[in-house]
Each structure stands twice: as C-alpha cells, then as structure tokens.
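From first to last, the protein sequence lines are chains A and B. When we follow numbering that gives the first Met the number 0, the leftmost residue of the first sequence carries the number 0, and every step to the right adds one. When we follow numbering that gives the first Met the number 0, the leftmost residue of the second sequence carries the number 0, and every step to the right adds one.
These aren't lab readings, by the way, just hints derived from the structure by calculation. Since the structure is predicted, the reported quantities are computational estimates derived from the model, not experimental observations. All residues carry an ideal CB built from backbone N, CA and C; glycine is no exception. Mixed in with the good hints there might be a few duds.
Claimed, not checked - DMTMM-like mimics (lysine to aspartate or glutamate), calculated; alpha carbons at most 20 Å apart, straight line:
#, chain 1, residue 1, chain 2, residue 2
1, A, Lys252, B, Asp35
2, A, Lys258, B, Glu36
3, A, Lys258, B, Asp42
4, A, Lys106, A, Asp82
5, A, Lys18, B, Glu69
6, A, Lys7, B, Asp21
7, A, Lys253, B, Glu37
8, A, Lys253, B, Asp21
9, A, Lys18, A, Glu130
10, A, Lys7, B, Glu62
11, A, Lys7, B, Asp65
12, A, Lys18, B, Asp65
13, A, Lys7, B, Glu37
14, A, Lys14, B, Asp56
15, A, Lys253, B, Asp56
16, A, Lys252, B, Asp21
17, A, Lys258, B, Asp65
18, A, Lys252, B, Asp65
19, A, Lys253, A, Asp271
20, A, Lys7, B, Asp35
21, A, Lys252, B, Glu37
Said to hold, decoys possible - Facing chain A, according to a computed beta carbon distance under 8 Å, are these residues of chain B, among others:
#, residue
22, Asp10
23, Ile11
24, Ala39
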Amino acid sequence: MEKFFSFKDPVLGRKLLQKLEQDLEAPLRFMEVCGTHTVALFQSGLRSLLPEGLEHLSGPGCPVCVTSSGEMALCLELAQKDDVIVATFGDMLRVPGPDGLNLKEAKALGARVEVCYAPFDALAVARRHPEARVVFLGVGFETTAPAVAATIQQAEALQLYNFSVLSFHKLVPPALRHLLSTGKTAVDGFLLPGHVSTVIGVRPYAFLADEFQLPAVISGFDPLDMLMGLAMMVRQRREHRAAVENQYARAVKKQGNRKALNVMEEVFTVQDAEWRGLGRIPQSGFGLSDRYAVFDALNIFGLQARHMPEPKGCACGQVLQGLIRPDACPLFQKQCTPAHPVGPCMVSTEGSCAAYFQYQLCPGQS
Amino acid sequence: MCLAVPAEVKDIAQGMAACAVDGGQIRIQASLVLLDEEVAVGDYVLIHAGFALRRLDRHEALETLDLLREMARQDEAPASW
Ligand code: SF4
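Let the sequences and hints guide you as you build the complete structure.
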C-alpha cells in the first residue's frame, strides 16, 4: 500500500488525541452509523483511548442488523420452495427470522442456499442451474446497492430470467433524519460513513447541519481518519459551527459517484422500508423499478412485505437507536452470544452487540 | 458490510481490473462498470462487492495528511507568546 493511502501513523495519532482532549470543553456524544466504523474503532484500540468526556455510540449502521424480522420471513419463505436457490452474502445466514429459524438451519433442513462474495457470483449460480430460480438477497446500504443494480443490468444483458433480487436495500440519510425526528436519540454529531458517501457524496447529509444544527464529518476507516473525523467535530462544537465536512476526500467526491448513482436510479425506486428496531421509515429503501420488474422477486413470487414481531426480549431496537449500550440488554452475554445470537445485532461481526462481545468491554465501562 | 478495500490495479481487460491487495499477496478481480472516471495500471481503487467504486486520489490524500499534521501540530507549540 502506498504510504499516503495509509492513515495509521501512531505518533501523529497520539498528538491528535491530545489535541482532541484539549479541545473538548464539555462532554460530547457522537454516533457513527457504519458497521465498519464500529469494528475499526474497537480493533484499532481507539475506542478505549478516547477521552472520558467523549462518548461514542454505534447507530443503525449494520445492514444485516437492520434487516427486519418480516424481511427475514420472506427470505425463509422463498428458501422453502423446491425450485428456488437463495443466493446471499454470508452475513445473512444466521439472522433469525420471526420464529428463530435462520437460513443456515433452513439449509441443513434441505433448502438450497448459496453464499456469494459478490452479487455477480449469483449470476454464475443462475447459469449453472437453469432449472432453478435463483433469488439474490439484496441487502446493504448505498455502498452495496450499485453493485446489485449493475448485476441486475448484467442479468438483463445475459437474458438470465431465472435470476431475481429480493431487494431490502436501505438508505442512510433517511434513517439519520428518522433518528433525529423521534427526539429520543440525543447526539452532538455524526461520524458519517465513508463508503456510503463514496457513492452518494456530501450533499444528502446537508440537512444535519441546516435543519438540526449538528456537526457531521464523513470519515475514512484508518485510525487517523476516525480520529481526525472526531477532532473535526469537536472543533466545530468549540467554534459553535455546524457543517457537513469531508475528512475522506481521497475516496469521497462532493458529488459522489455519478455513474453508480445513475445505475442505482435506473434499476431501483425509492420506497418506504421497515428497519429492525426502528420501524417503518418513509422513503428509506430501494425496491426494483417497473422497468426491471421481471427481476423483482417480490413481484415474481407474489410476496408482500409484512411486519413481524422481533425476537422476544431482544433490545436491538434500543441499541440501534443509541438509547442503551449492548451490555444493558438483559440477554447480552447470557442467552445471546455470537455462537447463539438472539437478535441480529449479535449475528453480524459488525453488529454493536457482537463487537461489544468480541472486544469484551466490561460492563460499566464506556 | 460497507467494507471496501483499496487495491492496486495491475491489469485491465474488458472492463475488469485484476487488482492486488495487501502488497500483492491477494489478487482480486473487480468490475469497472460503476466508475465515473478513468483508471490506469498503477492506480489504487476502492473495491466493494466485486466492483471498483472510486479511484483513490493521491493529491487529496496528501492534502488530508497536511491538514492532519496541522491539526496535531497546534498543541506542540503551546501559547508561548
Ligand atoms: S444482546 Fe442480543 S438480544 Fe440483546 S440487543 Fe443485542 S442482539 Fe438483541
């Protein structure tokens, strides 16, 4: 890796940390909304080095975690069909549906489930199995949605009509707006997700500063990136400013990625979506546009998105909104562990609960 | 899940790039169809789910590093005057 793409210098990091501590005039609470940040903050050790007055929360930043019970029920329903092969990112295998069953168990019981590294792999599955109907589970934020959109276009070019997508893609800015509108989540700023922003650019976040007077910084994922992002927010607070700033300029252009945005816009249409723990959020998800209806699994199989109850006792909803820390959930570390997850926040390695568990944060420590 | 890895472009053919990750230890293929800019062999790109999403910008990286140093420097010289 060329050294100017690596933001890891520990000496510089220590200085920046001191600076951040100096600048911190009153306790502040920031929230990050990206599972990659969640993990990187723990892994780099940064989380435990932050000054006492700086509290850091993980919001609804893990696409696996925010996939609702009702959506999982549809995935499982499809997996039960004899002629269907469900193709999915590996993270989705262990997300529990409403009655606790997950795709991995369904597979053990005979369902055909294939794990894909990239959505393109699902096209290969469809080609190998012309007798089957291959359904790709479209989960992920704006980072992933263009890849799935381009795959659908490729399916059309190849006339692979035994391929379809069950689209549960979700959008980050409407979720941020929702969090702030409920008035429950109290934060002093957002560390914004770098790779979502690579696609959507800076503008979609403008409302954070304009309407909610909150500092927000798009940040990369190396330790110095995150530290700089936090320091920039602290500085905004100190200077009584609120703006959306871009720390990750090497990967995020102001206008985003036009090509990716265009492909996404052509294939998808924005619609309401159900988020695990947060409920229905207007205009916060992607369904397939009419033009691509022949690749829409909801349409092909006549499925209806529906609301289903969350696993009993799981506090994912509160965790995802930053209302409680994972270790405050009564099931944490007891009934719910990464080996036996009750809720989705414990399933994905990027889930808040799994990250807390893995990095063994002692109860009572922030 | 939004993890994207930086990788060096080693070869380009038919809209696909062969890329090296981690100093060449891992090789991956990435589609270039979602890029809104040209890339060449030797460039670094961000790859997510089999697609390159952005060419990493050297100039911006250096500028960010400068800013970073500047932010960190302020407390090296405490107000001595
Ligand atoms: S610890 Fe388990 S049950 Fe509790 S909120 Fe997290 S995922 Fe849900």
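Consistency of the hints with the structure:
Distance hint between lysine 252 of chain A and aspartate 35 of chain B is fulfilled; the C-alpha atoms sit about 11 Å from each other, no more than 20 Å. Note on lysine 258 of chain A and glutamate 36 of chain B: the hinted pairing holds, with a Cα-Cα distance of about 9 Å set against a maximum of 20 Å. With a CA separation close to 19 Å, the supplied pair lysine 258 of chain A and aspartate 42 of chain B stays within the 20 Å bound. About 14 Å separates the Cα atoms of lysine 106 of chain A and aspartate 82 of chain A, which keeps this hinted pair within 20 Å; it holds.
At most 20 Å may separate the alpha-carbon atoms for a hinted pair to count; lysine 18 of chain A and glutamate 69 of chain B meet this at roughly 11 Å. For the hint pairing lysine 7 of chain A with aspartate 21 of chain B, the CA-to-CA distance comes to about 15 Å; that is within 20 Å, so the pair holds. As the CA atoms of lysine 253 of chain A and glutamate 37 of chain B are separated by approximately 18 Å, the hinted pair is consistent with the 20 Å bound. Simply put, lysine 253 of chain A and aspartate 21 of chain B have alpha-carbon atoms about 28 Å apart, too far for the 20 Å limit, and the pair is violated.
With a CA separation close to 62 Å, the supplied pair lysine 18 of chain A and glutamate 130 of chain A exceeds the 20 Å bound. Between lysine 7 of chain A and glutamate 62 of chain B the CA atoms are separated by roughly 16 Å; this keeps the pair inside 20 Å, and the hint holds. Straight-line distance between C-alpha atoms of lysine 7 of chain A and aspartate 65 of chain B comes to about 14 Å, which keeps the hinted pair within the 20 Å bound. Note on lysine 18 of chain A and aspartate 65 of chain B: the hinted pairing holds, with a Cα-Cα distance of about 16 Å set against a maximum of 20 Å.
Straight-line distance between C-alpha atoms of lysine 7 of chain A and glutamate 37 of chain B comes to about 28 Å, which puts the hinted pair past the 20 Å bound. As the CA atoms of lysine 14 of chain A and aspartate 56 of chain B are separated by approximately 25 Å, the hinted pair breaks the 20 Å bound. Between the alpha carbons of lysine 253 of chain A and aspartate 56 of chain B the distance comes to roughly 13 Å, so the proposed pair stays at or under 20 Å and holds. Distance check on the hinted pair: lysine 252 of chain A and aspartate 21 of chain B sit about 24 Å apart at the alpha-carbon level, beyond 20 Å; violated.
This hinted pair does not check out: lysine 258 of chain A and aspartate 65 of chain B have alpha carbons roughly 30 Å apart, beyond 20 Å. Distance hint between lysine 252 of chain A and aspartate 65 of chain B is fulfilled; the C-alpha atoms sit about 18 Å from each other, no more than 20 Å. Of the pairs offered as hints, the one joining lysine 253 of chain A and aspartate 271 of chain A is violated, with about 26 Å between alpha carbons and a cut-off of 20 Å exceeded. Our distance criterion of 20 Å between C-alpha atoms is broken by lysine 7 of chain A and aspartate 35 of chain B, whose separation comes to about 28 Å.
Of the pairs offered as hints, the one joining lysine 252 of chain A and glutamate 37 of chain B holds, with about 15 Å between alpha carbons and a cut-off of 20 Å not exceeded. Taking 8 Å as the C-beta contact cut-off toward chain A, the hint placing aspartate 10 of chain B at the interface is violated, the least distance being around 18 Å. A hinted interface residue such as isoleucine 11 of chain B counts as satisfied when its beta carbon comes closer than 8 Å to some beta carbon of chain A; here the least separation is about 16 Å, so the hint is violated. Against a cut-off of 8 Å between C-beta atoms, the interface hint on alanine 39 of chain B is violated, since the closest Cβ of chain A lies about 15 Å away.
Checked against the numbered hints above, the structure violates hints 8, 9, 13, 14, 16, 17, 19, 20, 22, 23, 24; every other hint is satisfied.
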